[in-house]
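Asker: Letter by letter, the chains look like this.
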Amino acid sequence: MIQMKSRLSVIDNSGALIVECIKVLRNAKWASVGDEIVVSVKNARPIADGSAISANRIKKGDVRRALIVRTKKEIRRPDGRFVRFDDNACVLINSQKQPIGSRILSLVSRELREKNWIKVVSLAPKVV
Amino acid sequence: MKLEICSFSGFKIYPGHGSLFVRGDSRIFHFISSKSESLFHQAKNPRKISWTVVYRSLHRKGISEEVSKKRTRRTVKYNRAIIGVSWEAIQNRRNEKPEVRAAARKSAVEKAKALKKSGVKKTSA
Chain A
1 MIQMKSRLSV IDNSGALIVE CIKVLRNAKW ASVGDEIVVS VKNARPIADG
51 SAISANRIKK GDVRRALIVR TKKEIRRPDG RFVRFDDNAC VLINSQKQPI
101 GSRILSLVSR ELREKNWIKV VSLAPKVV
Chain B
1 MKLEICSFSG FKIYPGHGSL FVRGDSRIFH FISSKSESLF HQAKNPRKIS
51 WTVVYRSLHR KGISEEVSKK RTRRTVKYNR AIIGVSWEAI QNRRNEKPEV
101 RAAARKSAVE KAKALKKSGV KKTSA
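The listed protein sequences derive, respectively, from chains A and B. Quick note on full-length UniProt numbering: the first sequence kicks off at 1 and runs consecutively. Quick note on full-length UniProt numbering: the second sequence kicks off at 1 and runs consecutively.
With the rest of the complex left out, here is chain B (with noise of 0.2 Å):
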């Protein structure tokens, strides 16, 4: 099955319908209707008549729905526990102050070091 598309309009003719329209100047022309074959002889631009697939598209006219439906999928992000580890205690650890955390950190250094000294002075002896 052979769908026209109408030289006027633009709508779909399906077979069986419609009237086609040979110029002289040997060029075919497909029409849906009177109504849009009638505007094509009174030489009517399709650009300025509302109804037609060209006005419509030139005007943005029943897209917009279409665009704002196909926003791009954004990643999102959320918290969760991992093995082992609850969310709280994650929590607690990002939210100590800097100071704390620094201490911490020192005297973890102290203890491995010493821990180091102790491991050495045993293999030596």
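Looking at chain A on its own, in the form it has when it is part of the complex (with noise of 0.2 Å):
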């Protein structure tokens, strides 16, 4: 139950550490696994002075788009069982709908391969 102001860990390796959910792009009032947000740095990697790529790099206080992966609030799978994770995660991506980072360091779950987020499944270590 992903909504304005909630706060989100970033599990890819684009820079960012921590976001905060500005705008939920979907007709309803929480956002869920699979689920596309629009965010805001809250916190992220120091960047390295003097390095060409710290252009595009992220900063705190950018606003991006990013793809919810694992949310607290427990999932129903088709078989009725319930899912559940520890915490509340994504990985941003660019307007192309492909992620920002090159790797995804945990595990994600398994409704993003029902909704089609290929590229984010095949990158992460494991899926549950």
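Hint data in this document are derived by calculation from the structure and do not stem from the laboratory. Here a beta-carbon is modelled for each residue, glycine too, at the ideal position from N, C-alpha and C. Incorrect hints may have been included.
[Unchecked claim] If the Cβ cut is set under 8 Å, some of the chain A residues that face chain B in the computed set are: (1) Gly80; (2) Phe85; (3) Leu107; (4) Val128.
[To be verified] When the alpha-carbon atoms are kept at most 35 Å apart in a straight line, the in silico DSBU-like pairs for lysine-lysine are as follows: (5) Lys5(A) - Lys44(B); (6) Lys44(B) - Lys73(A); (7) Lys72(A) - Lys2(B); (8) Lys23(A) - Lys60(A); (9) Lys115(A) - Lys35(B).
Two chains, two frames, a set of hints: combine them into the complex.
Answerer: If you want it as structure tokens, here you go:
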């Protein structure tokens, strides 16, 4: 249940660490796994000075799009069981719906596969 | 059909039942009911809660009947008559006094010796 002001951890290597949801891109009050949201970066990894790639690195205050990959609110699977994670997590994506980071560092939910986020699923080390 | 086992109570979870919890260290836990899930999140020890499978196996609950049934088979000795000799005849022989037996044996031996001597004489003559 991700809504405006919800904080999520970022589990890719894009550089952002903690983001805050500022808009749910869905005609509903809250977003769940596999939904896209707009986020503002609250905490980012410090950028090394003088590097050429620093121009497109993520900074604090950036507004980006993100894809939710884990939620604390349980999700109902088609077979009737419920799946719940320990935290809310997302990965940053660009306007073409491709992940910004090149790696995903922890597991993601299987719902992403059903919603056709193939790139994110293939990057993830484990799909639950 | 794949059966899961409840991480707290140890009960079987049939498809379509229970819930799955993924902890921060990416360990997966299965729960049969909200009761066992709640107790897990309260950090209760299933070894101390009397209705869980772990507790019952630790305190040997519900195993005593099975153990008593599983006694090993013992060979049973019993007596019966053999062809030609009735059971009573065997019993009489067995209950003879040693002196009587020894006397009988002696007489039998003497008889056999006498027979042998006479036999030898016959063959030599």
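Asker: Next, verify each hint and record whether it holds.
Answerer: For each hint, the structure was consulted:
no.	hint	verdict
1	Gly80	holds (4 Å)
2	Phe85	holds (5 Å)
3	Leu107	holds (5 Å)
4	Val128	holds (5 Å)
5	Lys5(A) - Lys44(B)	holds (34 Å)
6	Lys44(B) - Lys73(A)	holds (22 Å)
7	Lys72(A) - Lys2(B)	holds (26 Å)
8	Lys23(A) - Lys60(A)	holds (17 Å)
9	Lys115(A) - Lys35(B)	holds (32 Å)
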